[in-house]
Amino acid sequence: MTTRLARTVPWMTVAFVAALLIPVVGTRFYTSVATDVLILGLFATSLNLLLGTTGLVSFGHAAYFAIGAYVCAIAMKTYDVPFALAFPLAGVASGVAALVFGFFCVRLTKIYFAMLTLAFAQIVWAICFKWNDVTGGEQGFNNVPYPDLGWMEALPGLASMRTGELYFYLTLVLVSLCLYILRRITNSPFGRILTTIRENPERAEFVGIDVRRFELAAFVIAGLFAGLAGALFGIFNRGVFPDFGYWAKSAEVLIMVILGGMGQFFGPLVGAFTLVALNQQITSYTEYWPLVLGLLLIILLYAFPAGILGTAADLVKALRGRRNA
Amino acid sequence: MRTLLLAAAGAAALSLGMSVQADAADIKIGMPMILSGPGALFGEPTLKGAQMFVDEINAKGGVLGRKLQLISKDSKGNADEAVRVAREMILKDEVDFIVGTFTGAEGPAVSPIAKENKIVFVAPVSKPDALTAPKNLHPYLFRTATTTTIEGRSAAELIAKLPVKRVATISPDYAYGQEVTAAFVAHLKKIKPEMEIVDQQWPKLGEADYTPFINAQLAKQPEAVFSSLWGGHFVTFIKQATPLGYFKRINNNFVAGGEAGSIESAKAIGDDYPLGIWGNSYDVFNWEDGPAAHKDFIERLKKFTGAEQPSSWPSVGYIAMQVLVEGIRKANSTKSDDVAKALLGITVDTPIGKQIISPKNHSANRGQFWGKMVKDPRYSFAVMEKPVYVDPTPFLD
Chain S
87 MTTRLARTVP WMTVAFVAAL LIPVVGTRFY TSVATDVLIL GLFATSLNLL
137 LGTTGLVSFG HAAYFAIGAY VCAIAMKTYD VPFALAFPLA GVASGVAALV
187 FGFFCVRLTK IYFAMLTLAF AQIVWAICFK WNDVTGGEQG FNNVPYPDLG
237 WMEALPGLAS MRTGELYFYL TLVLVSLCLY ILRRITNSPF GRILTTIREN
287 PERAEFVGID VRRFELAAFV IAGLFAGLAG ALFGIFNRGV FPDFGYWAKS
337 AEVLIMVILG GMGQFFGPLV GAFTLVALNQ QITSYTEYWP LVLGLLLIIL
387 LYAFPAGILG TAADLVKALR GRRNA
Chain D
1150 MRTLLLAAAG AAALSLGMSV QADAADIKIG MPMILSGPGA LFGEPTLKGA
1200 QMFVDEINAK GGVLGRKLQL ISKDSKGNAD EAVRVAREMI LKDEVDFIVG
1250 TFTGAEGPAV SPIAKENKIV FVAPVSKPDA LTAPKNLHPY LFRTATTTTI
1300 EGRSAAELIA KLPVKRVATI SPDYAYGQEV TAAFVAHLKK IKPEMEIVDQ
1350 QWPKLGEADY TPFINAQLAK QPEAVFSSLW GGHFVTFIKQ ATPLGYFKRI
1400 NNNFVAGGEA GSIESAKAIG DDYPLGIWGN SYDVFNWEDG PAAHKDFIER
1450 LKKFTGAEQP SSWPSVGYIA MQVLVEGIRK ANSTKSDDVA KALLGITVDT
1500 PIGKQIISPK NHSANRGQFW GKMVKDPRYS FAVMEKPVYV DPTPFLD
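These protein sequences, in sequence, are chains S and D. Quick note on the numbering used here: the first sequence kicks off at 87 and runs consecutively. Quick note on the numbering used here: the second sequence kicks off at 1150 and runs consecutively.
The set of hints was computed from the structure by calculation and includes no laboratory data. Honestly, I wouldn't trust all of these hints.
[Claimed, not checked] Derived BS3-like pairs (lysine-lysine); straight-line CA-CA distance at most 25 Å:
| # | chain 1 | residue 1 | chain 2 | residue 2 |
| --- | --- | --- | --- | --- |
| 1 | S | K163 | D | K1264 |
| 2 | D | K1524 | S | K163 |
| 3 | D | K1369 | D | K1314 |
| 4 | D | K1241 | D | K1197 |
| 5 | D | K1341 | D | K1521 |
| 6 | D | K1397 | D | K1524 |
| 7 | D | K1267 | S | K163 |
| 8 | D | K1509 | D | K1264 |
| 9 | S | K163 | S | K216 |
| 10 | S | K216 | D | K1353 |
| 11 | S | K216 | D | K1284 |
| 12 | D | K1416 | D | K1452 |
| 13 | D | K1452 | D | K1509 |
| 14 | D | K1509 | D | K1524 |
| 15 | D | K1241 | D | K1267 |
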């Protein structure tokens, strides 16, 4: 009975509808946290296309997040481009950057690949940090305008909502759409080939798969969606800063993926939620957040190497197995 | 075992979620501040200064009959983390005001959040002129920190008094270094046009090897140098410049901004401090010519922090809180709209003297202490000889 229930209920639709209710039942604070989680969840899921699906460890994924954030913010504030154009533009810019950097990165493997992604990310960071006239340098690119959300008030139930809440709905719809596309990509024949490359690149090469080209394609798609996440985050944060592209941000998103479980499509989203919630709770009480995070990672990597969602899935499987037996 | 662990973690998360509810009558002030990482060396004492003010005012019965409550959270020195923390304070902890942020990025990052939530925000440390530039200024934003304009012009006033003609600069190549150096050069040219800028060096922020910059600068034979290398960067620079005879060649006519004269910098450099150069600091514990109010403040600070030679940073936290509370008192209200109006043009008697919030750019006339760095047998580190508080009022537009 329970197994059939688990299969027949459209869980994703349920989650989407539940998320729709957050601004109605929750406070403004929870709406803000939910927006944060959604955006970072998309960022982490985009990285997982490389990490979990293709088996490529990128230490520089924040670069594409930063490029997307800057492109969208600068287009909207400096050039008055409407969000409907600036948002896809951010994705395209990040995708092009990923194509250029990825062209060199996929020529290397393992740790050399990881180090080169890091090197390119540091270049992006340095450009954002130094190019004062365009990016605002260290002081960041501030007062990023919200998109024009007036049209949303015409929708049923949204008339009396504040900008922050409307922006949550916009984020929810866009992130859900992006996740849907990413899931389709992961489960497509193309995604299967990526998994084949992860499992055995030599063998994949042997059966006639152009490994580098597929890796580059995955790199570009991951960069594009990271850029879209960055565009949404820049507006949510009301400012874009060089730190968005710093290696620490790349490490943070890597932690989210591992925390949630890279073997599951929704693992990174769970990881983003967990990291945001823990950070918020723990920093309210102590400034030793890095210590807590470090301990948590040690426990996780030793006790639950499959991540939160991975462990939960294993648990469900084990329970089912026992019942069937 | 695993389920047990999970259950324990869940219980811990739940108990953390139930935060202590404050007395509803308290006036709540949120302070995002760097409390972890290298920046904590400055953020921690800034918070202590604010807490000391809160304790003092609460001991006297608070303001408008209500007690103050300071809620501090770690901004980690990150702009996006500062934004997150400020939002959490406003939306969850329901603070009435925000006083805080540290770096040149955190202040401008939190400003739009204060604006959209209509909460008064006082920046105690962020220096960039851009923070309160007309395009970024809004009714709820105030600054009690000094600015890059004030710091650059103060240094220019100092160098203008030296018997030199050939002046050079060395500053880190990023927003703060560029802004403060530009302000220095422009003001020097205005007040003493016969002075000549013979060289400008721009090492990148975090440069590890200053030797090429030092040699290139000495080749231009400057007679005096202005620098805005700060913190650890200044320490690295000093350790490399002294063996090259840099300070001897310019006759110690080296005017160092970026809090190079603070007790923190002096302690970090120790015996290698090049004596005879000029440095600045937000506060000094040995202001012997200072007013009684400052001496009293330092005595209270010694007691509060337990340090015999207290940090230079509590002063900025203390004064920011004091200015806000004077605004509350003058407005006779804790509504941000009223307090914001009351703060325009307000004059506050602080330990370092009168601070006036300009109605034009919402910033205080906050100067810094400048002095020649000497060795005093009473202390194990270099200190300012006869520190002078440079009031910027005469040279502000």
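How the hints compare with the structure:
A distance of roughly 17 Å separates the Cα atoms of S/K163 and D/K1264; the hinted pair therefore holds under the 25 Å criterion. With a C-alpha separation of about 52 Å, the suggested pair D/K1524 and S/K163 falls outside the 25 Å cut-off, and the hint is violated. Of the pairs offered as hints, the one joining D/K1369 and D/K1314 holds, with about 13 Å between alpha carbons and a cut-off of 25 Å not exceeded. With a CA separation close to 24 Å, the supplied pair D/K1241 and D/K1197 stays within the 25 Å bound.
Between D/K1341 and D/K1521 the CA atoms are separated by roughly 22 Å; this keeps the pair inside 25 Å, and the hint holds. Between D/K1397 and D/K1524 the alpha-carbon distance is near 17 Å, which keeps this suggested pair within the 25 Å criterion. With a C-alpha separation of about 22 Å, the suggested pairing of D/K1267 with S/K163 holds against the 25 Å cut-off. Between D/K1509 and D/K1264 the CA atoms are separated by roughly 17 Å; this keeps the pair inside 25 Å, and the hint holds.
Taking the CA atoms of S/K163 and S/K216, the gap is about 19 Å. The hint holds against a cut of 25 Å. Restraint check for S/K216 and D/K1353: the C-alpha separation of about 9 Å stays at or below 25 Å, so the hint holds. Only pairs whose Cα atoms come within 25 Å are accepted, and S/K216 paired with D/K1284 is accepted, the gap being roughly 21 Å. Distance check on the hinted pair: D/K1416 and D/K1452 sit about 21 Å apart at the alpha-carbon level, within 25 Å; holds.
With a C-alpha separation of about 38 Å, the suggested pairing of D/K1452 with D/K1509 is violated against the 25 Å cut-off. Restraint check: the Cα-Cα separation between D/K1509 and D/K1524 comes to about 42 Å, which exceeds 25 Å; the hinted pair is violated. A hinted pair counts as satisfied when its Cα atoms are at most 25 Å apart, and D/K1241 with D/K1267 qualifies at roughly 15 Å.
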